[in-house]
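Visitor: Working from the sequences, and respecting the hints, build out all of it.
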Amino acid sequence: MKKTKRPPKARGGKLGQRAMRHRSPGSFIEFGDPEPVAAWGSYNGVLWSGYDGYYLPPIERMDLAVLANIAPYHGAVLRARVNMVMAGFQGGGGLTHSDMAAAVTNLLIFGDVGLLKVRNRLGHINRLHVLPSLYLRRTADRKTIIVQGGINDLTYAGGEVIFVAQYDPQQQVYGVPDYLHGMESAMLNVDATRFRRRYYKNGAHLGYILYSTDPDMDPKLEALFRKKIEASKGAGNFKSMFINIPGGDKEGVKVIPIGDSGTKDEFLNIKNVSAQDQLTAHRFPPGLAGIIPSNAGGLGDPLKAREAYYRDEVIPLRRLIMEGVNAAPDIGGLGRVTFSLTFDDDAQIAQ
1 MKKTKRPPKA RGGKLGQRAM RHRSPGSFIE FGDPEPVAAW GSYNGVLWSG YDGYYLPPIE
61 RMDLAVLANI APYHGAVLRA RVNMVMAGFQ GGGGLTHSDM AAAVTNLLIF GDVGLLKVRN
121 RLGHINRLHV LPSLYLRRTA DRKTIIVQGG INDLTYAGGE VIFVAQYDPQ QQVYGVPDYL
181 HGMESAMLNV DATRFRRRYY KNGAHLGYIL YSTDPDMDPK LEALFRKKIE ASKGAGNFKS
241 MFINIPGGDK EGVKVIPIGD SGTKDEFLNI KNVSAQDQLT AHRFPPGLAG IIPSNAGGLG
301 DPLKAREAYY RDEVIPLRRL IMEGVNAAPD IGGLGRVTFS LTFDDDAQIA Q
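Going by the UniProt record's numbering, the residue at position 10 of the sequence shown is 10; the numbering climbs one at a time, nothing skipped.
Treat the hints with caution; some may be incorrect.
[What the hints assert, rightly or not] Pairwise CB distance ranges (calculated):
1) T96 / Q276: 35 to 43 angstroms
2) V118 / G149: 21 to 29 angstroms
3) R79 / R226: 48 to 56 angstroms
4) D63 / G123: 21 to 29 angstroms
[Stated by the list, open to error] Quick list of in silico lysine-lysine cross-link-like pairs, BS3-like style, CA-CA up to 30 angstroms:
5) K227 / K201
6) K271 / K201
7) K228 / K271
8) K228 / K201
Simulated from the structure, these hints should not be mistaken for lab results. Where a beta carbon is used, it is the ideal one built from N, C-alpha and C, also for glycine.
Guide: Have a look at this one:
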């Protein structure tokens, strides 16, 4: 008589039998989602939008506006450049000091600015009004459109808007800002700061792996773990957790740190290098930007650096605005827009 071979008994008595009964294939849960990389500042060229009836700017203008408010050195230098240009404004064009400051701000952030000729009932020009470059669009027949979202756009005939732009060799419909090559460094600076903030808010760690080998964790308990962890994504989600597995192994559940950014922290290097890149993009002297020198030699004489920056950057920008506005033949009655084209601290302070 042939004996039937019986399957081997599970070792460990009832505990081993429970292990055989509840054992399931390995599973894992990701504690975080990948962070999207923002493609800010992408140069797309000028595209015609047949639906809207105007040319699209080569760079998303909302990106330029937001970056000026979140990148520390970039935003600070932009405002310093506006103040330097405005220090020599002497009037004209029916523009107040605040009007011209708005025009210079638009020109520096977006690379162009539009000045609307405001006429009275007789058709005479009373003053110039600064249009927001963020929403300014241009058409093939030289019309200017101000996009207003949910309501009808404002359309101005050709010749009714004085358009001053920083030249772009790739297209001549819109201007482009002169700091464009420094946008990636400005975004890197912002990203480094955001990563550090999230790191500290998350408990000064980069996350954990919850590792379990306990055979007494039944599918219901595993499903509960999965639900709790997936519902707690985000900064600061690793708080306290109570686990109770009757009869389980004390080594069956472990929390394993993934890493600590403090072991090799490049935060300061990234901040310093990207800050220097932002100043280089604006050709702005470090001594005027609040940079703390890292060597005994310092950053040189700030007064000499300021004078050189005025002659090389500020005065040419003033001349660009003057020539762009005064070239309009029908604004003579408002007076020519004038800036000081010399570097004279005492004269400009007196103004």
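Visitor: Work down the list of hints and note, for each, if the structure agrees.
Guide: Consistency of the hints with the structure:
no.: 1; hint: T96 / Q276: 35 to 43 angstroms; in the structure: 37 angstroms, holds
no.: 2; hint: V118 / G149: 21 to 29 angstroms; in the structure: 23 angstroms, holds
no.: 3; hint: R79 / R226: 48 to 56 angstroms; in the structure: 50 angstroms, holds
no.: 4; hint: D63 / G123: 21 to 29 angstroms; in the structure: 39 angstroms, violated
no.: 5; hint: K227 / K201; in the structure: 23 angstroms, holds
no.: 6; hint: K271 / K201; in the structure: 20 angstroms, holds
no.: 7; hint: K228 / K271; in the structure: 37 angstroms, violated
no.: 8; hint: K228 / K201; in the structure: 20 angstroms, holds
Hint compliance for this structure: hints 4 and 7 are broken, all remaining hints hold.
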